[in-house]
Structures are given as structure tokens and as C-alpha cells.
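Note that the protein sequences, when read in sequence, are chains D and B.
Counting in numbering that gives the first Met the number 0, the first sequence runs from 0 upward without gaps.
Counting in numbering that gives the first Met the number 0, the second sequence runs from 0 upward without gaps.
Honestly, the hints are just simulated from the structure, not real lab data.
Keep in mind that a hint or two might mislead.
Said to hold, decoys possible - With the Cβ distance kept under 10 Å, some of the chain D side facing chain B (calculated, not the full set):
no., residue
1, 92
2, 131
3, 171
Claimed, not checked - Simulated restraints, written as ranges between beta carbons of each label pair:
no., chain 1, residue 1, chain 2, residue 2, range
4, D, 51, B, 22, 17 to 23 Å
5, B, 36, D, 192, 31 to 37 Å
6, D, 6, B, 140, 34 to 40 Å
7, D, 36, B, 193, 49 to 55 Å
8, D, 92, B, 142, 45 to 51 Å
9, B, 189, D, 17, 44 to 50 Å
10, B, 147, D, 91, 31 to 37 Å
11, D, 97, B, 38, 31 to 37 Å
12, D, 142, B, 101, 49 to 55 Å
13, B, 28, D, 6, 22 to 28 Å
We put the beta carbon where it would ideally sit given N, CA and C, even for glycine.
2 protein chains.
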Amino acid sequence: MSGQQPPIRPDAADSPWRTLAAREAYRNPWLSVTEYQVLRPDGAPGLYGVVDPGDNVTIVPLDDEQQIWVVEDFLYTIQRWGWFLPTGAINPGEDPLLAAQRELLEETGLRAARWDPLCACYLSPGISTQRSYLYLARGLTEGDPQRDPTEARMTTRRMPLAEARAASRLSETASAVTALGLTLAWEAIQAEVE
Amino acid sequence: MSGQQPPIRPDAADSPWRTLAAREAYRNPWLSVTEYQVLRPDGAPGLYGVVDPGDNVTIVPLDDEQQIWVVEDFLYTIQRWGWFLPTGAINPGEDPLLAAQRELLEETGLRAARWDPLCACYLSPGISTQRSYLYLARGLTEGDPQRDPTEARMTTRRMPLAEARAASRLSETASAVTALGLTLAWEAIQAEVE
Chain D
0 MSGQQPPIRP DAADSPWRTL AAREAYRNPW LSVTEYQVLR PDGAPGLYGV VDPGDNVTIV
60 PLDDEQQIWV VEDFLYTIQR WGWFLPTGAI NPGEDPLLAA QRELLEETGL RAARWDPLCA
120 CYLSPGISTQ RSYLYLARGL TEGDPQRDPT EARMTTRRMP LAEARAASRL SETASAVTAL
180 GLTLAWEAIQ AEVE
Chain B
0 MSGQQPPIRP DAADSPWRTL AAREAYRNPW LSVTEYQVLR PDGAPGLYGV VDPGDNVTIV
60 PLDDEQQIWV VEDFLYTIQR WGWFLPTGAI NPGEDPLLAA QRELLEETGL RAARWDPLCA
120 CYLSPGISTQ RSYLYLARGL TEGDPQRDPT EARMTTRRMP LAEARAASRL SETASAVTAL
180 GLTLAWEAIQ AEVE
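Could you put the whole structure together from the sequences, leaning on the hints where they help?
Shown next, in the form of C-alpha cells:
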């Protein structure tokens with residue numbers, strides 16, 4: 000699974016780091032880790048392991064009754080059930096908006112008539128290249144989910160936006176991007192009302 | 000760096016996944032990747048690579064003039080300069096609050112008289128175990144930073160909370176946890192005023 004030599008990506012012109020060598024340290028179908036030999040900003044030799052899961056999308060599906068649709072699933076990483084905004088990987092070359100529409104349909108069966116971008120933000124930029132594109136999806140129509148086999152136990156839940164926003168910060172499985180997405184959606188709605 | 004056999008962590012009693020084997024796929028001083036052989040929720044065999052960088056802390060340092068202190072540094076992962084809330088790893092066994100006090104001092108030279116927890120949230124729970132503990136730090140006293148060698152080029156910046164909150168979502172290097180932290184701090188301040 001590893002040992003291939005990826006090309007050394009060029010250092011940005013304004014980078015205080017210098018990259019000397021690169022090796023693919025790990026790869027599975029969902030993420031890779033590249034280990035770079037570097038000269039650090041203080042000039043000393045070091046290494047930097049960069050995790051690359053690719054970018055993803057996060058959708059805030061809000062219906063006409065101000066209810067949010069979230070997905071509930073078991074998170075293998077943290078060995079807990081939790082609820083989250085629908086999210087999923089952007090396929091190579093795929094437009095983020097099309098990825099968001101596809102993922103919303105796959106995970107929840109929902110289609111949305113109106114899509115508004117909320118933010119594009121890095122999730123853990125100290126270690127990972129991953130960026131999430133957040134969208135507010137409105138004008139919802141229900142249909143059947145088309146879930147991945149890994150999502151066989153996923154279900155959807157509907158709850159008031161205000162309640163979801165408050166709960167998203169207090170939950171034992173709170174996720175930064177879910178909490179941020181619900182807050183940005185809340186603020187967007189408030190701004191439209193005012 | 001790899002090939003050690005970590006113990007199979009026990010599956011949670013309510014997990015729809017079954018773990019069959021585990022191997023350490025990658026490790027550096029800052030993170031590890033464990034690859035698990037699993038039976039997925041649909042019963043089919045598969046694998047799951049779990050990234051474990053350890054938990055971290057994120058601090059919102061707010062001074063008496065409603066100015067936020069942020070750090071500016073080059074992000075090797077995304078090859079860009081950006082500004083962020085001070086953040087850093089929790090040492091093994093370290094209390095999150097003590098880690099936050101230590102990291103704030105190291106990165107900015109600031110000490111804070113008042114600490115309020117804002118949220119504890121997972122940063123990328125589809126692939127990583129990492130959780131960040133967010134704190135609002137007030138009653139600031141300035142001093143000298145004690146930065147790591149990798150942070151040799153880090154500087155601090157001071158800006159109004161309202162401006163930082165808006166800018167954190169629009170920046171080309173927007174970070175979910177920085178945007179969330181600034182918003183939670185903003186809401187906490189508003190709630191105290193009302």
C-alpha cells in the first residue's frame with residue numbers, strides 16, 4: 000500500500016520551509032499520508048506528515064418549517080453514535096455544488112431547489128489538506144436515500160434549527176463543522192428576515 | 000516507523016462494525032494512522048484507516064478593548080500563510096485547561112486571568128479521533144512568546160472581535176475551528192451584555 004515516490008510538490012515562493020524529499024507513507028481508498036523531509040523555518044532538518052483525504056462538502060438542509068435534517072450514524076473513529084450534518088467526499092474533478100447535491104440525495108433522499116454557499120473552510124490545517132464546502136439547502140423534496148454499504152445503519156432526523164444549533168455544541172459527539180454550519184445557516188436566515 | 004501490531008481496541012457494544020485486526024500503518028511524533036480490518040455495517044469485509052493526532056486546544060484570547068489576538072504563520076499542509084486562533088496539542092495526561100494556558104503562553108506570550116470553556120468538538124470525525132477543546136481567555140497580560148522551532152516565523156496580530164469573526168469565514172485559509180471559536184466567543188459576550 001505504500002512505498003511509492005510521489006513527486007515533491009514545489010514549495011510556495013513565500014514558504015519558510017524547504018522540502019527535500021517526499022514519500023507516500025500510507026494510502027487507502029479514502030485518504031493518503033505523504034511524509035516530507037523538510038528544512039523547518041529555523042533551518043533545522045525535520046519531517047512533516049500531511050494527511051490528504053481530499054475535500055468534502057457539508058450540507059445544511061433546512062425545510063419550509065425551519066426544521067433541519069441531520070443524519071445519525073455510528074462513527075467508527077470514536078466508537079460512538081452521533082448526529083451530524085450530511086457530509087461526503089468530493090469526487091476527483093467534481094464541482095463542490097454538484098457533490099453537495101449528490102451527497103444530500105444519497106444520504107437523505109432529499110433534493111433542494113435552492114442552494115446558498117455558506118463557507119469553505121479547512122478542518123484541521125495543522126495536519127490535513129482537507130477543506131469542506133458548506134451549503135445551505137432549501138426548498139426540499141423528499142425521496143429515497145441511496146446510501147453506501149458503509150452507511151447501512153444511517154438514519155435521518157428532523158429537528159428545529161434553533162434546537163439543533165444549541166445541541167450541536169453540547170453533544171458528546173459535537174463536530175466543529177456541524178456546529179459551524181448550523182450557526183452560519185441560522186445567521187443567514189436571521190439576516191434575510193431583518 | 001510502521002509494522003507494529005497495536006492491540007485491537009474493543010468494539011463498542013452498540014457498534015454495527017466488527018473489528019477483526021489492527022495494524023499501525025504510519026506513525027510520526029505528531030500523529031499515527033491505524034488500519035483496522037473490519038466487517039462493515041452491511042456485513043461485508045473492509046478496512047478503516049483511523050488518524051489519531053491526539054486532542055488539542057484552541058484559545059480565543061479577548062482583551063479588555065474587545066480585540067482578539069490571533070497568530071499568523073505559514074501552513075505547510077496547504078502551502079499558504081494564514082491567521083488562526085492559537086492552537087496546540089494536549090500532552091499525554093495533560094488537563095485541557097492547563098494545555099490551553101501553556102499553548103497561549105508559548106504561542107503569544109499572553110497569560111489570562113479568566114478562562115471559560117466554549118465547546119469540545121471533533122474536527123474531522125469521519126477519519127480522525129481528534130477533538131479540540133475551545134476556551135475563551137480574558138483578563139490578558141502580555142509577555143514574551145516561547146515558540147517551538149517550527150513556529151520560528153509565527154507572529155501575533157490583534158484585531159476587533161467583530162472584524163475577526165466576519166473575516167474568519169471569508170478568508171482563503173478559513174478554518175472551521177477558528178470560525179466557530181470566534182462565533183462562540185461573540186455569542187458568549189453578547190449573552191453577558193444582555
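Going through the hints against the structure:
no.	hint	verdict
1	92	19 Å, violated
2	131	7 Å, holds
3	171	9 Å, holds
4	D:51 x B:22: 17 to 23 Å	20 Å, holds
5	B:36 x D:192: 31 to 37 Å	51 Å, violated
6	D:6 x B:140: 34 to 40 Å	48 Å, violated
7	D:36 x B:193: 49 to 55 Å	54 Å, holds
8	D:92 x B:142: 45 to 51 Å	49 Å, holds
9	B:189 x D:17: 44 to 50 Å	45 Å, holds
10	B:147 x D:91: 31 to 37 Å	35 Å, holds
11	D:97 x B:38: 31 to 37 Å	32 Å, holds
12	D:142 x B:101: 49 to 55 Å	51 Å, holds
13	B:28 x D:6: 22 to 28 Å	25 Å, holds
In summary, the numbered hints that this structure violates are 1, 5, 6.
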